[in-house]
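K.L.:
Read off the chains here:
Protein chains: 2
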Amino acid sequence: MGARWAAALLGLAMVAGMSMVSAKVVEYEWEVSYINAAPDCYSKTILGINGIYPGPTIRASQNDTVRVTMKNHVATEGITMHWHGIRQIGSPWADGTAAVSQCPIVYGESFTYEFTVDRPGTYFYHGHFGCQRAAGFYGSLIVDLPDGMYEPYHYEGEHMIIVNDWWHRGIIDQEQGLESTTFKWVGEPQSLLLEGRGRYNCSKVPKYDPAAISCNQTDERCAPHVWKVERGKTYRLRLASVASLSTLNFKIEGHMMQVVEADGHNIEPFYTDNIDIYSGETYSVLVHCNGTLDNYHLGLNVRGRTDKDVPTGLGILNYNNATAYQPNTPWPKGPAWDDFPASKAQAKKYKALRNNPDPTSHAFNKTEHAVTRTIILLNTQNKYQGHTKWAINNVTYAPLQTPLLAALVYNISGAVDLTPPPDYPTSGYNIFNPPANPNTNVGSGVYQFNTGDVVELILQNAATLTANQSEVHPWHLHGHDFWIMGYGDGVYDPIKSPFTFELDNPPARNNVPLFPFGWTAIRFKLDNPGAWPFHCHVEWHFHMGMGVMFAHGIDQVRQKGIPSSTLGCGLTKTLFKLNP
Amino acid sequence: MGARWAAALLGLAMVAGMSMVSAKVVEYEWEVSYINAAPDCYSKTILGINGIYPGPTIRASQNDTVRVTMKNHVATEGITMHWHGIRQIGSPWADGTAAVSQCPIVYGESFTYEFTVDRPGTYFYHGHFGCQRAAGFYGSLIVDLPDGMYEPYHYEGEHMIIVNDWWHRGIIDQEQGLESTTFKWVGEPQSLLLEGRGRYNCSKVPKYDPAAISCNQTDERCAPHVWKVERGKTYRLRLASVASLSTLNFKIEGHMMQVVEADGHNIEPFYTDNIDIYSGETYSVLVHCNGTLDNYHLGLNVRGRTDKDVPTGLGILNYNNATAYQPNTPWPKGPAWDDFPASKAQAKKYKALRNNPDPTSHAFNKTEHAVTRTIILLNTQNKYQGHTKWAINNVTYAPLQTPLLAALVYNISGAVDLTPPPDYPTSGYNIFNPPANPNTNVGSGVYQFNTGDVVELILQNAATLTANQSEVHPWHLHGHDFWIMGYGDGVYDPIKSPFTFELDNPPARNNVPLFPFGWTAIRFKLDNPGAWPFHCHVEWHFHMGMGVMFAHGIDQVRQKGIPSSTLGCGLTKTLFKLNP
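Chains as they are written, first to last, in the UniProt record's numbering: chain A, 1 to 580; chain B, 1 to 580.
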């Protein structure tokens with residue numbers, strides 16, 4: 001049953017072999033199991049890869065094939081892995097999203113992801129089934145330029161800094177609270193982590209059962225991460241946020257940052273002393289290390305939600321191998337958590353790098369990228385059969401039992417309701433008040449496009465079920481990048497708002513924030529056949545239904561076939577005949 | 001692919017229809033999800049069925065077909081359900097054991113169990129994947145005699161009492177601790193539960209995060225269960241232990257019990273004021289309600305392990321609808337936890353009911369049941385690659401990736417190592433000391449038999465890795481009952497020990513305890529083709545490898561086929577051809 005796919009793979013390899021002689025295959029073997037960890041000194045069971053957390057860093061060069069074989073040792077659970085920011089051109093089945101691109105890898109089984117990393121840049125990977133990302137199931141993925149090619153900026157060393165927010169309760173408890181009709185919110189995080197390390201004040205943990213819970217501030221697993229630099233040199237810091245909820249602000253004591261890369265795309269460089277990072281985003285910043293002291297704080301703070309009980313996450317920038325210690329100086333802190341004007345101003349600073357030497361970057365052209373379809377997605381908080389949900393155009397997303405890609409490719413009867421959700425919200429919806437009727441519909445939200453379509457998509461924010469409240473939603477698109485055309489406050493006006501768009505030099509991204517009571521406009525070209533989620537990257541929000549599915553070019557995928565190893569669950573079973 | 005099976009089912013139904021006109025189909029539709037519960041006042045996320053815990057009681061009559069369709073709503077996890085004590089005659093695929101009888105039911109999917117309940121009695125069901133039983137995934141299963149047929153004892157009312165031990169930590173934490181090379185034992189339980197209710201002293205829970213953990217002694221979910229009786233009447237109390245670890249002793253304040261049924265078999269009745277219940281066992285006791293007060297304690301205590309921090313579990317026997325309250329009298333308490341002579345004396349009291357009117361009960365006959373093969377299974381605690389394990393004849397059981405039944409029926413190459421483990425332990429093993437070499441081997445431990453074999457099986461206990469320590473192991477056999485031939489202290493002597501056997505009237509059971517530093521002898525006839533686990537019913541011990549697999553009559557199973565709905569994982573995938 002694997003023959004068709006093997007042949008397709010071989011064909012790909014031949015094409016690749018002809019056009020890119022330097023491309024290689026980078027292989028990883030991963031064993032996934034629960035491990036005990038204490039990222040913020042509080043001991044907890046989390047998902048580890050090869051026994052470590054965060055997972056191993058994947059490092060490859062542009063056009064390489066990455067091949068990751070992942071064996072599941074997690075008793076009772078299935079797993080998948082999403083390669084965030086990798087478009088999976090020609091390999092939509094390898095996107096690692098449960099209910100969309102594949103059946104979960106069940107206990108005891110192995111699955112091999114194989115895909116091309118077509119664009120250099122900073123990426124990461126994370127679990128994409130249930131809320132497993134929040135259980136620590138993630139790591140970094142870095143794509144270098146091929147030998148002999150150089151970035152349009154210079155640096156002498158580099159470091160990875162993956163940032164996150166962290167809770168002490170396990171995801172099973174958290175998910176149950178979110179799913180229950182007696183809704184229980186996860187609350188704000190206990191800690192903020194840099195490269196998987198934070199520091200919780202253990203005196204706040206009561207002595208309950210020492211055998212069950214330990215919190216130990218001398219545990220070396222929560223010693224702050226130390227990033228070593230040499231005085232006088234310039235470093236590229238690669239930042240990636242896997243946060244489950246929080247927008248994070250990163251700041252280095254006494255150092256300016258020059259932002260040069262966002263979501264794998266070079267941008268017009270700009271200087272800042274603090275950078276907002278929304279969940280799902282990656283950045284590279286250049287830091288010229290001209291400090292006079294031995295150690296400086298790296299600081300991470302919450303933005304966009306209250307930081308009342310969330311202390312600054314800390315790391316150490318350490319010069320010239322001096323003894324590393326946490327300075328006594330005040331913790332670095334960016335703008336106040338509720339300084340939304342500062343966030344919006346920074347968001348608007350991002351422009352595509354003019355004359356970008358990277359031919360794979362997504363240059364925008366007003367003519368080529370003329371809009372063929374406009375969709376407005378209203379983001380609301382609702383109720384469905386007593387459960388609290390997030391909905392898009394009054395449909396809350398429920399994962400399909402049959403992976404969407406297979407359902408479409410094999411046209412499996414009954415697997416998916418192909419009636420598309422509406423392109424627009426109900427006319428006259430008052431975004432400023434909680435919904436008059438809080439009830440929403442449930443569905444799988446599949447928007448079907450034609451390959452080549454250029455979609456203009458407006459994310460429209462609204463009040464939650466709580467009066468005077470609207471939240472930040474960091475949206476992430478799979479399989480494609482988009483251009484960020486603009487942000488605005490209040491209701492999007494189809495006549496007036498487009499006049500405010502950045503038509504000259506919009507940045508290409510795969511993540512974008514939607515601000516409270518505001519709108520965000522993006523455009524993208526449907527040029528990578530497959531089935532692709534577009535969702536709020538807040539783990540808890542997506543679990544509560546905040547996403548839609550996009551599909552196009554299914555005929556092309558069908559011609560090539562999808563590996564049978566991605567099938568076997570839901571109605572994909574009907575594709576198989578027992579033939580022992 | 002379902003056609004072959006459907007035909008086989010139809011055939012069965014026709015045979016059943018001809019011979020037993022009164023048999024009916026009893027159907028249940030279950031939705032499985034995580035729920036919040038507070039069995040002992042401490043709030044926790046557990047597995048619920050149709051939103052409740054313990055799960056719904058299944059009630060059917062002898063020879064009925066029970067059909068349970070179970071839908072899995074548990075994000076990321078697979079599930080299975082085992083019908084404990086039901087032999088699954090002719091339906092080995094419906095035994096509900098992951099890695100043996102079926103592939104787990106993955107998230108979003110449904111599976112239908114269908115089996116005949118051939119013998120009246122008291123049974124229960126529980127999850128049999130990972131340690132999900134310990135997450136509250138269980139309920140009662142009662143099989144009545146057909147209309148017009150009567151038990152060989154009389155009662156005027158009946159009640160179910162499912163008993164359990166309970167922990168506050170979640171199973172994911174517990175399993176990780178057991179699996180880790182830095183082994184962390186689960187410890188003794190926090191509470192003992194009667195019919196899913198106990199009472200933890202909430203003052204022992206610190207105020208940590210009220211949103212995360214609550215413990216509230218006025219929570220009605222942990223109000224003691226009240227069993228209502230009328231003065232002057234005799235009640236049948238049906239007891240079943242789903243304990244994860246503890247042997248439990250049940251006692252009713254001021255009332256004697258007459259024990260009449262054990263594991264679905266009528267026994268020679270005997271009176272006692274307290275009854276030991278090992279994990280996996282079921283009993284019926286008759287209680288003549290001649291008390292003069294309104295309320296009496298039902299009490300549950302730990303036996304065989306320290307009860308230092310495990311308070312008595314309590315229920316209320318309430319007369320004539322008086323106001324129910326917990327009496328002020330001392331809590332009922334049986335023998336001291338370490339009074340092993342009392343336990344052994346009680347275990348030896350069980351004899352099969354002479355002239356049992358139940359034709360389905362497993363009468364023992366010295367001639368017919370002459371032993372054709374003897375196996376001695378040495379129970380040891382060991383190490384495997386740094387992990388703490390339990391091993392049988394120096395093989396620790398590791399669940400197969402491919403369900404054993406399917407692997408054998410379809411003779412799937414590479415799915416299972418068919419080399420049987422040894423029939424005897426290493427000669428001269430010193431059971432009184434920790435193993436000289438603590439390292440063990442790993443395997444799936446499949447003993448293959450011929451249908452019709454009568455196996456004499458000796459369970460031999462030994463010291464753990466801790467000097468002077470040996471533990472109680474309640475062993476449970478799937479698919480068959482066995483006769484308990486005898487118990488002894490020290491090393492089983494193949495020459496002398498059989499002279500102590502009960503050859504006259506041994507009780508038929510499917511559960512039997514193995515006492516510290518002792519041996520237990522059982523016999524059983526291989527008369528139900530399939531693949532069947534035999535394992536220590538301590539959830540934590542089986543998870544640590546304390547079990548073996550038995551298989552016989554695979555040709556017969558093959559002729560009938562097994563439903564394709566049980567396949568799809570591991571190497572069963574190779575049985576299918578993609579044919580969209």
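Honestly, the hints are just simulated from the structure, not real lab data.
Hints may contain errors.
Chain copies aren't distinguished; within one or between two, either way the pair holds.
Claimed, not checked - Simulated crosslink set (DSS-like; lysine-lysine; CA at most 30 Å straight-line):
1. Lys383 with Lys560
2. Lys383 with Lys71
3. Lys351 with Lys577
4. Lys496 with Lys560
5. Lys348 with Lys525
6. Lys71 with Lys184
K.L.:
Determine for every hint whether it applies to the structure shown.
P.N.:
Okay, the hints, checked on the actual structure:
Taking the shortest Cα distances, Lys383 and Lys560 never come within 30 Å of each other, neither inside one copy (41 Å) nor across copies (49 Å). For a Cα distance limit of 30 Å, the shortest separation of Lys383 from Lys71 across copies, 23 Å, qualifies, whereas the shortest one inside one copy, 38 Å, does not. Within a single copy, Lys351 and Lys577 get their C-alpha atoms no closer than 53 Å, and across copies no closer than 51 Å, so neither meets the 30 Å cut-off. Taking the closest pair of Cα atoms, Lys496 and Lys560 never come within 30 Å of each other, the shortest separation being 44 Å inside a single copy and 71 Å across copies.
Proximity of Lys348 to Lys525 under the C-alpha cut-off of 30 Å is restricted to the intra-copy arrangement: shortest distance 22 Å within a copy versus 78 Å between copies. Taking identical chains as interchangeable, the C-alpha atoms of Lys71 and Lys184 lie at most 30 Å apart only when they sit on different chains, with a minimum of 24 Å there against 33 Å within one chain.
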